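Protein chains: 2
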Amino acid sequence: MKETTTRKAVVLLSGGVDSTTTLAIARNEGFEAYALTFRYGQRHTCEIDAARETARYIGVARHVILDIDLRSFGGSALTDDIEVPKGRGLTDIAADIPVTYVPARNTIFLSFALAFAETLGAQDIYIGVNALDYSGYPDCRPEYIAAFERMANLATKAGVEGRSFRIHAPLIAMTKAEIIRTGVRLGVDYSLTTTCYDPTDDGKACGRCDACLLRLEGFRQAGIEDPVPYACEG
Amino acid sequence: MKETTTRKAVVLLSGGVDSTTTLAIARNEGFEAYALTFRYGQRHTCEIDAARETARYIGVARHVILDIDLRSFGGSALTDDIEVPKGRGLTDIAADIPVTYVPARNTIFLSFALAFAETLGAQDIYIGVNALDYSGYPDCRPEYIAAFERMANLATKAGVEGRSFRIHAPLIAMTKAEIIRTGVRLGVDYSLTTTCYDPTDDGKACGRCDACLLRLEGFRQAGIEDPVPYACEG
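Line by line, the protein sequences give chains B and E.
According to the working numbering, the residues represented by the first sequence are 12 to 245, in order.
According to the working numbering, the residues represented by the second sequence are 12 to 245, in order.
Just so you know, the hints here were simulated from the structure itself, not pulled from any lab data.
This structure is a prediction, so every number in the text was calculated from the model and none was measured.
Backbone N, C-alpha and C define an ideal beta-carbon position, used for all residues, glycine too.
Be a bit skeptical, because a hint or two may be false.
[To be verified] Derived pair list, reagent style SDA-like, types lysine to any residue, alpha-carbon separation capped at 20 Å:
#1 Lys168(E) - Arg152(B)
#2 Lys168(B) - Ala142(E)
#3 Lys168(B) - Gly147(E)
#4 Lys168(B) - Arg152(E)
#5 Lys168(E) - Gly147(B)
[Unchecked claim] Counterexamples of contact, computed for chain B against chain E with all Cβ distances above 10 Å:
#6 Gly173
#7 Thr186
#8 Gly198
#9 Leu225
#10 Arg231
Chain B on its own, in the form it takes in the complex (with noise of 0.2 Å):
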């Protein structure tokens, strides 16, 4: 990797494999990173030591864990009780929008992020959206990043005084085989991301639900062999 400038970014991380690409990606373009990671209410907090691990690895100036409590609005099989789906095709997990959807999550995350940039004075916010294996979800969208820019914009002190943010989703047309390349080119540790939306009671991903069924085809099309245990796979 380069070297680190005094150029701050701020990096969303959740431990997957898009947001820690998307780290490897940020400090690779020169800046100094201060990752941010949400404890929501999410059923499994396997992710939240996969972020920390993740960040150590790859090297954060600060990285934020924080608190926030998206159940009292429920909404989704991420965060309520409603059944996980598993062993879908992949065309059927494509065409929808997912009963793993949850409502603003992306623009609750980024709002986040403007805060900790203004607040530190940095200008640059990483997310590690993808619009092509992911078309379900409305925020990973071109035109929805596009349009946080904007708004981002508008919202600040630094916006208003003419220090432009600029949301930079540098996975957005990426194939996920593209994505694991990548990574493994900037000398991201794959084995230290979680994926599974249903892990087993000892840690492994269950290789069935729709987020490991994508990452599983993502690391097949990559010719990378996915280095992180399964219960079952297909």
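Since chain B is already given, all that's left is putting chain E on it; use the hints.
What follows is chain E alone, placed relative to chain B:
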């Protein structure tokens, strides 16, 4: 007040004059109100108590109080230990971006309101921002509200499926006197509201911070006596 219908609206409620008047306006426009209040490391929890009392008095279907930790980022007199300015002239107050500015605060609040609205199946969100008295807050301007609304409709399943969100900012062009007169006409009991940035230990408003000065001037211009007790005036 008119009879409520089944149309639901989320109303951001701080317990101050503006948000309380906004709640009364939403109810008067026929909405079933879902109030949303944040505990965000303000120095004074009396704001939360005021929000609870005004919500009960005006009538809401549900009142959600969410904890969010803006102190992790710092950057404002309302959450840090920066001195609250006292005894400034009204022209000074209007000219600056105030030290009490919290980075991206309204963006964070509206993002949670959006998540709550989408979960409820509501399409309407009310916020009591006001562009005239507080020209210093960038996130109180009409162009900011319009940009947030546009982003919200790209961010969400509801927006994508054609059930557009509307961000109502009914106070945006009103003077403080007009706001108070409107509230009094709609039956608001302003003795339940709280405004002061720096109240005394026995719960009196200081009468000298920017918020008190604007409130007192508003009541003066409306020709109505402010029912809350002050430690001193002006």
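Do the hints match the structure? See the list:
1. Lys168(E) - Arg152(B): holds (12 Å)
2. Lys168(B) - Ala142(E): holds (15 Å)
3. Lys168(B) - Gly147(E): holds (9 Å)
4. Lys168(B) - Arg152(E): Holds, because 12 Å separates the two Cα atoms, which is no more than 20 Å.
5. Lys168(E) - Gly147(B): holds (9 Å)
6. Gly173: holds (12 Å)
7. Thr186: The claim stands: threonine 186(B) keeps its Cβ more than 10 Å from every Cβ of chain E (closest is about 23 Å).
8. Gly198: Fine: 29 Å to the nearest Cβ keeps glycine 198(B) off the interface.
9. Leu225: Check passes; 20 Å lies beyond 10 Å.
10. Arg231: holds (30 Å)
Checked against the numbered hints listed earlier, the structure breaks none of them; every hint is satisfied.
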